[in-house]
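Visitor: Sequence:
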Amino acid sequence: SLMLKGMVIMLRCEHCKVDLPDNPSRCPLCMNVPSGTADSGESRYPLLFASKGSFSQKVTIWVAFVSVCAALISVAVNLVFPANGWWSIFVIAGIGSFWTDFVIMAKKYRNMPKSIIWQAVLVIIIAFIWDFATGFNGWSVDFVFPILCTCSMVATIFIAWFRKFHIQDYIFYLILSCILGIVPFILTNTLPNRMIIPSVICFVISMILLLIQCFFHGRAMLSEIQRRLHL
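Last residue of the sequence shown: 231 (the working numbering), numbering continuous.
Mixed in with the good hints, there may be bad ones.
Taking lysine-lysine pairs in the BS3-like style, the calculated list, with each CA pair at most 30 Å apart, reads [claimed, not checked]:
| no. | residue 1 | residue 2 |
| --- | --- | --- |
| 1 | K114 | K164 |
| 2 | K114 | K58 |
| 3 | K58 | K107 |
| 4 | K107 | K164 |
None of these hints come from the bench; they were simulated from the model.
Throw the hints in and build the complete structure from the sequences for me.
Guide: Here it is, written out as structure tokens:
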């Protein structure tokens, strides 16, 4: 240890035989009380403060807590009143669907056009699963699919305009949304006894947007498709 006129100016753990900088109350190795005089110089290590977490992190934690509590309560109530079947499974599935969608959104939030198309596809898949699980009444094909496709196209255009994106930052995802918007029109005209009005509206919007890209942004569209598909 450092010495000044025979006096120790640094704490020392006699058990571990090591010098301790700064002014610790105990040795970090053996937790014994050190001897000597504390170093009165500037601290060699920065002070660390526990992170309080952002507002979004706190909201996420609370929503997760409420979700788990809701799932547990639904299972408990279902066990007490089992006459109506295992309806708690649908509650848990709904909570799981929400969190699946939330995780995808959190991972893709930096690229909003990409996040929008991911969200649309994921919710459509979840809607199909729910529709088939409840006997397939066709609401996923008649309403959810075309409405989500229409919303994804409108949302992509609005965000690109609001955030002033360059055309190549969103055109590829807009094209994917337009192509996806043609699918419900095909399904409703293939399956019997389907409501075709939402699908027709979605189809018309998809074709108009595709034509706009072809006529006014043809080079950018072709360049982006070649770049994405490595043609």
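Visitor: State for each hint whether it applies.
Guide: A quick look at each hint next to the structure:
| no. | hint | verdict |
| --- | --- | --- |
| 1 | K114 x K164 | holds (16 Å) |
| 2 | K114 x K58 | holds (26 Å) |
| 3 | K58 x K107 | holds (18 Å) |
| 4 | K107 x K164 | holds (22 Å) |
Checked against the numbered hints above, the structure breaks none of them.
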